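> Go ahead and model the full structure; you've got the sequences and the hints to work with.
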Amino acid sequence: MMAEPKTLFDKIWDSHLVEEKDDGTCIIYIDRQIIHEITSAQAFDGLRESNRPVRVPDAHLLVADHNVPTKGRADGIKNEESRIQIELLEKNAKEYNLPFIDFLDVRQGIVHVIGPEQGFTQPGLTLVCGDSHTATHGALGALAFGIGTSEVEHVLATQTLLQKQAQNMRITINGELRPGVTAKDMILAIIGKIGTAGGTGCVIEYAGKAIEDMSVEGRMTVCNMTIEAGARAGLIAPDQKVFDYLEGRPMAPKGAAWEQAVAYWKTLTSDPGAKYDVEVEMDAGDIEPQASWGTSPEMVAPIGAVVPNPADIEDPAKRETVEGALKYMDLTAGQKMTDIYVDKVFIGSCTNSRIEDIRAAAAVAKGRKVADSVYAMVVPGSGLIKEQAEEEGLDRILIDAGFDWREPGCSMCLGMNGDMLEPGERSASTSNRNFQGRQGPGGRTHLVSPAMAAAAAVMGHLADVRELVDTEAAE
Amino acid sequence: MKKFETFSGVAVPFPGHNIDTDRIIPARFLKTIKRTGLGVNLFNDIRYNADGSEKEEFILNQPAYRKSEVLVAGDNFGCGSSREHAPWALTDFGIRCVISTSFADIFFNNSFKNGLLLIRVSPEQRDALLEDAARGENARISIDLENQKIVRPDGEEIPFDVDAFRKHCLLEGLDDIGITLNSSEKISDFEARQKLSMPWMQGARV
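Protein sequence lines correspond, in order, to chains A and B. Position one of the first sequence corresponds to residue 1 (my numbering), numbered consecutively onward. Position one of the second sequence corresponds to residue 1001 (my numbering), numbered consecutively onward.
I should point out that these hints are in silico values taken from the structure, not numbers from a laboratory. Computed from a predicted model, the values in this text were never measured in an experiment. Treat each hint with caution, since some may be false.
With a cut-off of at most 30 Å between alpha-carbon atoms, the simulated DSSO-like pairs for lysine-lysine come out as follows [claimed, not checked]:
#1 K275(A) - K21(A)
#2 K91(A) - K1031(B)
#3 K1002(B) - K21(A)
#4 K254(A) - K1195(B)
#5 K1167(B) - K164(A)
#6 K1002(B) - K1067(B)
#7 K11(A) - K275(A)
#8 K193(A) - K11(A)
#9 K71(A) - K1034(B)
#10 K1003(B) - K1034(B)
#11 K1186(B) - K21(A)
#12 K241(A) - K209(A)
#13 K327(A) - K1055(B)
#14 K1034(B) - K164(A)
#15 K1167(B) - K1067(B)
#16 K266(A) - K1195(B)
#17 K164(A) - K1003(B)
#18 K1031(B) - K1003(B)
Here are some, though not all, of the chain B residues that point toward chain A, as calculated from beta-carbon distances under 7 Å [to be verified]:
#19 S1081
#20 S1082
#21 D1163
Backbone N, C-alpha and C define an ideal beta-carbon position, used for all residues, glycine too.
This is how it looks when you write it as structure tokens:
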């Protein structure tokens, strides 16, 4: 008898199944966990209270990112609560002998940037972190998802999680992205189409020519925002690009183990005929540069469009939600997207802070100036990315254009470290969430790609990057 | 964890869709290293004015809803961040059960780990419960997990589904790490098998 064709998700799930209970709840083995300072202190307290050891110390990697200052950090952390959390992370790492990267180390950075960068993230692994954007790591073919603090403790103590198997969803992006359109525009367009609950209960596998053509960094941007579509994990079948990306990274397998690993990784594709519970298809050629206008990531529009009119929405609850969003965002129905003026521009976050993102921003900034009315900052995703950008001279281009060049961390994506919007301020941001107050109480966020953020910085308002740079030539 | 017992309480209507965890508890309150004391910051930015005074119009500030124990919510409640501070803030405030048509996955898991029961109902049932909740203290709703039913103020019963394992843990107040550790031997067997077939997967030092 032929074996039932399996999806990539089924394969990774099955290879990590420890036990299945009567009601379908499973014990799933977790190979790796990344731990940061915001969602872990209470988990370590739990271990201490119940006097439990960490089952596999080497399966974890600890690094601070959410709370770290992005300027002058060598002088220490002035905010006392932040300092306590960061010191506690180090103390817990030492007490339990867990791999740890200090916040002054050049390898420090955002958890979802440094996992792949260090080779900690690998195809076929199960990987978790107390952060919803753990979906990012699926770009390398790892089954990766965000968990809460109780589950962080569960993984520390048992190296497993209790879960029911999610459903399979596949989003196929056919054709090619047009010049000036990026991975960020693609994922925003996807969320705009399927909605913020479109993937609830599913693992989303991304496929199709536009995904195959995409760089590993771009795939990370797509998988990163899978959670904004309601799915806990995004997955892309690993290919030669992923193997090339990983080879030689500090924590990647070496020598004979590398050969053995690659041979296994090559089997990590969905079988022909594998069944998906939900299928969505889109054409990459239809995707325009996007910007969000509302307070949920599904509230997006092509840059050439206008702010929608709630009166056109039939469902009263949805109409009310859009009315509320426009009121909060201080926008008028029918207003051109390009007539939205911004106060701040943030280029960074686990969605868009990799070298490719900084290159894209610098390409727009080159020879231009940030508008007088705008404050713009660039926060690289890790110390190593910052170093590489400086070697390429990207920092000079950005600084000369008037951008603030910062040290790595989560920064203004969620405004925990003091980098934030003031009440009523409006940003163009390469981050992932435009929720009310996300970047600071009363702050208003427009989600865009790095190139579009740089365009907004120099124009002073949301703008179509294709009108600023010769995108054909840039290809 | 405390055992989940049948209760009847005031329900608060919270009809907006896609209430995210940043709304439930903004990120700046995540600097705490404790699980307790977050109730005061529940829904902080829509509950208080900039000077810290209460917004009169916010529903949980109104006398009838200050002791709410059930929250009846719009679709996709708890979307966004994985912060367990969201259920910690809800339970610390006194909420013991949230009813909606749908919940975000991570929030769903986090809630059950903290004794907070989440119940999925149909849109029609949710709308009916929103109407009950609008009557404040005059319309207490009963939650009976053992028999898997919501009892409306007029006595009408709404049955609901819940995973057998989650129900068991809630009713008994069980710590699921303890339960998983009962399977230690199976976990060790898995590790031994993986070490043979895929040795590179295990461990990685910086």
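> Would you pick out the hints that fail for this structure and give their numbers low to high?
Hint check: nothing fails, all pass.
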